[in-house]
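A.B. asks: Take a look at the letters that make up each chain.
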Amino acid sequence: ETGVTQTPRHLVMGMTNKKSLKCEQHLGHNAMYWYKQSAKKPLELMFVYSLEERVENNSVPSRFSPECPNSSHLFLHLHTLQPEDSALYLCASSQEAGYEQYFGPGTRLTVT
Amino acid sequence: AQSVAQPEDQVNVAEGNPLTVKCTYSVSGNPYLFWYVQYPNRGLQFLLKYITGDNLVKGSYGFEAEFNKSQTSFHLKKPSALVSDSALYFCAVRDQTGTALIFGKGTTLSVSS
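Quick note, the sequences are listed as chains A and B, same order. Per the numbering used here: the first sequence ends with 112, consecutive numbering throughout. Per the numbering used here: the second sequence ends with 1113, consecutive numbering throughout.
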């Protein structure tokens, strides 16, 4: 596979569930990102990892927990979500933090 | 404050006509600027960037963008629009920490046949 992949592509979960989103980049990049995209709202940066260390956390609720075990993989662990967390969650990577980013197709999350 | 503005929610053009999608920015120092396109149910695709050099930047799918420092603008252009160009377009600027991009709210481009 090439580029940035995300699994699952669609996820429906109840407010008491625990689930994880997975992102994998095949580009040899050193930085990875999580974004939230809601209808009629700007793209929201959630987390930035550079060389597997978190460098930015934009006041994201603790019910979202990122994990970056290596430079190719990024996870977003979800627990006790709210209906307003329903959105498209996008993963991206870049050669270095702050350079052009390459995005995965996203995970469409619905919280019921 | 750092910011990116895309003043138009939607731009409508006829196929074959030139198109412009506007973007203005506010950031200290020399800006790193980007354009992305998003098709329905897809992630964002990188189109082009300006870091330094020639003010006219050429990118993918025939798109180009013009950097204007005095007007703090980075408008996206294409000489002849295609129906397949219909999508959501995002302008972005690198933030002052140098670790992330700030995205505009997006402009929907609709090209009619």
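One or more of the hints may lead you astray.
Stated by the list, open to error - Beta-carbon label-pair distances, calculated as ranges:
hint : chain 1 : residue 1 : chain 2 : residue 2 : range
1    : A       : His10     : B       : Gly1062   : 30 to 38 Å
2    : A       : Pro61     : B       : Lys1105   : 21 to 29 Å
3    : A       : Lys18     : B       : Glu1066   : 24 to 32 Å
4    : A       : Val55     : B       : Glu1066   : 28 to 36 Å
What the hints assert, rightly or not - Pairs of lysine to any residue, SDA-like flavour, derived with a Cα cap of 20 Å:
hint : chain 1 : residue 1 : chain 2 : residue 2
5    : B       : Lys1105   : A       : Pro42
6    : B       : Lys1105   : A       : Gly98
7    : B       : Lys1049   : A       : Leu27
8    : A       : Lys40     : B       : Ala1005
9    : A       : Lys36     : B       : Ile1102
10   : A       : Lys41     : B       : Arg1042
11   : A       : Lys41     : B       : Lys1022
12   : A       : Lys19     : A       : Phe64
13   : A       : Lys40     : B       : Thr1052
14   : B       : Lys1077   : B       : Gly1029
15   : A       : Lys41     : B       : Val1011
16   : B       : Lys1049   : A       : Glu100
17   : A       : Lys36     : B       : Lys1105
18   : A       : Lys41     : B       : Glu1008
19   : A       : Lys36     : B       : Val1011
20   : A       : Lys40     : B       : Thr1107
Unchecked claim - Stretches of chain A that chain B covers, calculated by requiring three or more beta carbons in the stretch to come under 8 Å of a beta carbon on chain B:
hint : stretch
21   : 49–57
22   : 97–103
Hints listed in this document are in silico derivations from the structure and should not be mistaken for laboratory results. Idealized CB from N, CA, C, for every residue including glycine.
A.B. asks: Quick one, are Lys41(A) and Arg1042(B) close enough, alpha carbons at most 20 Å?
C.D. replies: 16 Å, holds
A.B. asks: Hinted pair, alpha-carbon criterion (20 Å max): Lys1105(B), Gly98(A). Please report holds or violated.
C.D. replies: Holds. Lys1105(B) to Gly98(A) sits at ~19 Å (cutoff 20 Å).
A.B. asks: Has the stretch 97–103 of chain A got at least three residues whose CB is nearer than 8 Å to a CB belonging to chain B?
C.D. replies: holds (count 7)
A.B. asks: Within a Cα-Cα threshold of 20 Å, do Lys36(A) and Lys1105(B) meet the stated pairing?
C.D. replies: 13 Å, holds
A.B. asks: So the hint says 21 to 29 Å: do the beta-carbon atoms of Pro61(A) and Lys1105(B) match that?
C.D. replies: 22 Å, holds
A.B. asks: Check the hint pairing Lys1049(B) with Glu100(A) against an upper bound of 20 Å on the C-alpha distance.
C.D. replies: 8 Å, holds
A.B. asks: Does Thr1052(B) sit within 20 Å of Lys40(A), going by the straight-line distance between their CA atoms?
C.D. replies: 32 Å, violated
A.B. asks: Holds or violated: Lys41(A) with Lys1022(B), Cα cutoff 20 Å?
C.D. replies: Measuring from Cα to Cα gives roughly 18 Å; hence the hint holds.
A.B. asks: Run the distance test for Lys1077(B) versus Gly1029(B): straight-line Cα separation, threshold 20 Å.
C.D. replies: With Cα atoms ~25 Å apart, Lys1077(B) and Gly1029(B) exceed 20 Å; violated.
A.B. asks: Can the restraint linking Lys40(A) and Thr1107(B) be considered satisfied, given a maximum Cα separation of 20 Å?
C.D. replies: Judged against 20 Å, a Cα distance of about 11 Å means the pair holds.
A.B. asks: Given the hint that Lys40(A) pairs with Ala1005(B), does the C-alpha gap stay at or below 20 Å?
C.D. replies: Holds - the C-alpha atoms of Ala1005(B) and Lys40(A) are around 15 Å apart, at most 20 Å.
A.B. asks: Holds or violated: the 24 to 32 Å window for the beta-carbon distance between Lys18(A) and Glu1066(B)?
C.D. replies: About 48 Å separates the Cβ atoms of Lys18(A) and Glu1066(B), which means 24 to 32 Å is violated.
When held up to the earlier numbered hints, the structure conflicts with 3, 13, 14 and 19 and fits the remainder.
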